[in-house]
Every structure is written in C-alpha cells, then in structure tokens.
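**Student:** Chains as they are written, first to last, in the numbering used here: chain A, 1 to 106; chain B, 1 to 147; chain C, 1 to 262.
Everything labelled a hint here was simulated from the structure, so no lab data went into it.
For clarity, every value in this text was computed on a predicted model and none was experimentally measured.
Heads up, a few of these hints could be off.
[As the list claims (entries may be wrong)] Derived list of chain A stretches under chain B, where covered just means 3 residues or more per stretch with a C-beta under 8 Å from a C-beta of chain B:
id	region
1	2-8
2	77-91
3	95-106
[Unchecked claim] Below, computed lysine-lysine pairings styled on PhoX-like, alpha-carbon distance capped at 25 Å:
id	chain 1	residue 1	chain 2	residue 2
4	B	116	B	34
5	A	21	A	10
6	B	85	B	34
7	B	77	A	21
8	C	46	A	21
9	C	46	A	10
Positions of the beta carbon are idealized from the N, C-alpha and C atoms, including for glycine.
Spelled out from the first residue to the last, the chains are:
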Amino acid sequence: MANVLVNAPKTAKRGSIVEIKALILHPMETGFRPGPNGRIIPRNIIERFTATWNGTEIFDMEMSPAIAANPFVSFFAVASESGTVGLRWTGDEGFVVEERVSIAVE
Amino acid sequence: MDRRRFLAGTAAIVVLPFDSAQATPEAMAAAIRKVVGSSPVREGRVSLDLPPLVENGSTVPLVVSVESPMTEADYIKAIHVFNEKNPQPGVFTARLGPRNGRAVVGTRIKLGDSQKIVAIAETSGGQFWSASADVIVTLAACLEEST
Amino acid sequence: MKVLRLGIGLAIVFAASWALAQGIVDKGVTDKRRSGTQDMGEALQKMQDDDTANPGMLFVQLGGQLWGKAAGAAGKSCADCHGGAASMKGVAARYPAIPKGTDAPVDLEGRINLCRTANQQADSFPPESRELLALAAYVAHQSRGLPIAPPDDPRLAPFRTRGQDLWKIRQGQLNLSCAICHDDNAGRKLAGVTIPEAHPTGYPIYRLEWQTLGSLKRRLRNCLAGIRAEPYAYDAAEYVMLDLFLMDRAKGMTLESPAVRP
Numbered sequence: 001m002a003n004v005l006v007n008a009p010k011t012a013k014r015g016s017i018v019e020i021k022a023l024i025l026h027p028m029e030t031g032f033r034p035g036p037n038g039r040i041i042p043r044n045i046i047e048r049f050t051a052t053w054n055g056t057e058i059f060d061m062e063m064s065p066a067i068a069a070n071p072f073v074s075f076f077a078v079a080s081e082s083g084t085v086g087l088r089w090t091g092d093e094g095f096v097v098e099e100r101v102s103i104a105v106e
Numbered sequence: 001m002d003r004r005r006f007l008a009g010t011a012a013i014v015v016l017p018f019d020s021a022q023a024t025p026e027a028m029a030a031a032i033r034k035v036v037g038s039s040p041v042r043e044g045r046v047s048l049d050l051p052p053l054v055e056n057g058s059t060v061p062l063v064v065s066v067e068s069p070m071t072e073a074d075y076i077k078a079i080h081v082f083n084e085k086n087p088q089p090g091v092f093t094a095r096l097g098p099r100n101g102r103a104v105v106g107t108r109i110k111l112g113d114s115q116k117i118v119a120i121a122e123t124s125g126g127q128f129w130s131a132s133a134d135v136i137v138t139l140a141a142c143l144e145e146s147t
Numbered sequence: 001m002k003v004l005r006l007g008i009g010l011a012i013v014f015a016a017s018w019a020l021a022q023g024i025v026d027k028g029v030t031d032k033r034r035s036g037t038q039d040m041g042e043a044l045q046k047m048q049d050d051d052t053a054n055p056g057m058l059f060v061q062l063g064g065q066l067w068g069k070a071a072g073a074a075g076k077s078c079a080d081c082h083g084g085a086a087s088m089k090g091v092a093a094r095y096p097a098i099p100k101g102t103d104a105p106v107d108l109e110g111r112i113n114l115c116r117t118a119n120q121q122a123d124s125f126p127p128e129s130r131e132l133l134a135l136a137a138y139v140a141h142q143s144r145g146l147p148i149a150p151p152d153d154p155r156l157a158p159f160r161t162r163g164q165d166l167w168k169i170r171q172g173q174l175n176l177s178c179a180i181c182h183d184d185n186a187g188r189k190l191a192g193v194t195i196p197e198a199h200p201t202g203y204p205i206y207r208l209e210w211q212t213l214g215s216l217k218r219r220l221r222n223c224l225a226g227i228r229a230e231p232y233a234y235d236a237a238e239y240v241m242l243d244l245f246l247m248d249r250a251k252g253m254t255l256e257s258p259a260v261r262p
C-alpha cells in the first residue's frame, strides 16, 4: 500500500505558478544507526524524487540519508496546460511509488 | 548509549554562535568543490530558510529560494544543499528549469548536531551563488532508552 | 555515576523553580490548561495544522485503507461492521472505557485489538505496530476538534483513582513523580525543552524524535525511562489507569490527533 499525500491546486490560471507539496511514508533509514541488537540497520532510503507535467520532466531531487523520515518535498511549476502531474519516488530495496494528480488550467 | 541525554540539559544548553572564521569542515568543502569545480562561489541571491533554534534535529524544515527570472534564457538549473556534521556532506540536489517558474525548494532534513548548512545555486549560465545558515539543535528530554 | 550527578543537577534546577512556584497558585475561572501544541515553536505548529505536511496524516491514510480491508477467519473488515469513518466520531474522546460484558477498562488501541481478535478472529496487532497505530490514528482523527469527554461510568472511578496515585508517586532512580514535572514545573525548561502539562490531546502522535507515529503508552514509557524507572510491561493495566486519569484531567480540552511533537 502506497501512502502519499499530495497538495496541489485542482485548477489554475494559465501561466500562473502553482506550488506542489508531497509527503510519502518511508523510514529513510540512514545506514549509520545501530539497531536494538547493536548491529547497524542497513541503509534504506529514497534516492530520487521526480516530477513530470504531462510526461515532461520538470523537477528532480536526489536525496541522501540526511532527508528526514517520511520525506516532504515542495516545489513550484508553471501551469502551462491542463494535464497530469506525475510524481515518482525510487530508492533502496527496489522502492518505487508513483502518484498522479490532475490540474485543470483555464 | 550515552546519547540518551535525559537531564543532560541540566548542564544548560550551550548556545555557540558560529565563528565566521571557523573553517568549513573538509568533507563539506570537498563535496562543494566537486559540484562547482574551479568556479567562484559568490554569496547572495540565495536564501536559506531554517529555524535558527530546532526543537528536534530529526525533522528540520528547510526552504531554499533563489532570485531568478526562471526564463529560458536565465534560470536556476540546480540547487545543492550541504551540511557539516552529518555522516555525509550532501543533503540533496534539486534540478529545476524554466518550467518551475520559481526557484524555490522545500524539504525536511535531519541534523544530528548544531551545525552550518550551505545552499548553492547553479545558474543556467554556469554561475554559482550561495547562502549559509547556522542551526542550533537543542536537546530533547525524556528520550527513549536506546536498548 | 552519571545518573547521580545529573540527578543532583536536576534537583538544583527544581529547587529554583519551586521557589518561583510558591507565589503562583491561581485558580482563575478561565481555562488555563495548555495543550502540548502550544508549547511548540511556530514551525512545528504549522506542520501539525497542515494536513498535507503533518506526517501523522500518512498513518491516518493508511488506517483508512486498513479499515476497508477484510481480515481474520471472519473475513470481515472494520467497515463491514462499523460502516464509514463517521461511525467513529467522538469515540476517541471517551476512551479508555469498559467494553460491554467486561469489567476492566481498555484504551483505544486495546479496543481495536478486541475487535481484531473477537470480531475479525485475527491475531491481535503487536503494540506500536504500524497497523495498530494507523487504525488508532484513523479512529482518533474522526474526533479531531471535539472536546475530551470521559464516559460517565462509575465503574471507572477506582481505576482513575489508581491512575492518580501513580501520577503522584515518586519513582525511579531520580525519585520523581509525574506531578512534580507536569503539575509543579509545567512551563519551565528542562534540558532546553519546555515541560508540557501532559494532556493526552494529540494521540497517537507523530513524534519527531521517533520519526514515526507512537501511542500514549510509548510516550509514557519515555517519561518512565527518563526518571530511570523500569517502564511497566507493554500490556500492564497501569498505562490504562494513567490514561484514564490524564483524560479526566484534560476533560473538555480539544482533541487534535494526530498531533506533532518534538
């Protein structure tokens, strides 16, 4: 079950700049922390977050273990045409989550 | 583990103003050099918004904003954030372009300790601008036993 | 020896605080009780208030998904018996309570686990498991904004009184009671942190220190470990008693689950 919360406007004026915020459930285990048994808990992080607007990449973020658990990202985008904003998180242990929101531009 | 510092604060939280002459720890300097190469890094145009006093270092809100018209001809193509004291110097690299309209990125980071954070913006013309901020992480009380 | 030294340091801090505390016994008409939220900085209050920024809401979302998922030998989901989320409105505001046909109170997580075992015929969720916390957060979220309203059940009284005794008893190597910190020294600083009044208004909470959601029980275990007392076993009745006492003490205060705490 993917758990993602996305905050983006449903509608926007053509050419206006909108803010997109996204939160995803993920431990962002650093790989530097000992677990209860004293052994290091293996690294398990999201390495990359990518956003597309109607398929064209508009934003990308490379993450490190210094990003807090349950990563939050906010960025802006020009509302050029109606369509779909695609968000994609990928990381260790084959982690891939995709989410889409639509924005109507008028 | 002695990090379990319940009551450690009875020894008072020492608020250390960072000495601007203090050398940037080498790892961070090296990581920055890897990104900027031999180009000069100028202070300005970038603002780094972080709470100066953090109640808990494990989730610190951070926003980087860069002045830029964000047009095809002149935009910010990347924002890099570095820290001094976490195990790795790189925090994140965001790649942007004119379709973002504004060169502003927000996230939340972990800070194991009080330290300096540096943000560097790379323009489409290959210039580098930067800002830095000092964050003081206060200790949390009533922490969990780590065992 | 470290504990001892720190303990002495604490005694000094408190000695100073007590001197201050003498004069201020004000039983005003207005409600002076403060939720832990009010002791947080602006950045964290904003994080709590914005549903797409509060990480606790990820668990509420997960809880909503689990709510509709059939489980156990009965093959039933929570929704099959309870219907939509609205059926849970006000429930968290009146827990702990005594389930029908029994005579001991359970907290909200305990009640959910009862449905797990008795109604879904599934294994109970382990304490602090993601599923249990997510369902508790989902249920508690339906009471957000409602006043805490402990049930009017006389059978609860002895348990609540016992909770109050636990609140007042000095314990642990530091020989402190909950009351010394949370009644007598609330609002003062300890290790750079403001001592809250300890109202259970936001549970389960997303605690930044934990980097995840956690129950009131986990929070209480942290305080017990803090005063170097052996935390009660996970299934101990003491937690429910303290919960009952704390909910009564916070009666009328607004629920804000899932709250964010440092």
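**Student:** All hints, please: hold or fail.
**Tutor:** Going through the hints against the structure:
Here's how the region 2-8 of chain A fares: 0 of its residues keep a CB closer than 8 Å to some CB of chain B, so the rule of at least three is not met and the hint is violated. Counting residues of the region 77-91 of chain A whose beta carbon lies closer than 8 Å to any beta carbon of chain B gives 3, which reaches the threshold of three, so the coverage claim holds. Counting residues of the region 95-106 of chain A whose C-beta sits closer than 8 Å to any C-beta of chain B gives 0, which falls short of three, so the coverage hint is violated. For the hint linking residue 116 of chain B to residue 34 of chain B, the alpha-carbon distance of about 19 Å falls within 25 Å, and the restraint holds.
Between the alpha carbons of residue 21 of chain A and residue 10 of chain A the distance comes to roughly 13 Å, so the proposed pair stays at or under 25 Å and holds. Under the criterion of a C-alpha separation no larger than 25 Å, the hint pairing residue 85 of chain B with residue 34 of chain B is consistent with the structure, at around 18 Å. For the suggested pair residue 77 of chain B and residue 21 of chain A, the alpha carbons sit about 20 Å apart, so the restraint of at most 25 Å is met. The suggested pairing of residue 46 of chain C with residue 21 of chain A holds, with an alpha-carbon distance near 14 Å, which does not exceed 25 Å.
Restraint check for residue 46 of chain C and residue 10 of chain A: the C-alpha separation of about 22 Å stays at or below 25 Å, so the hint holds.
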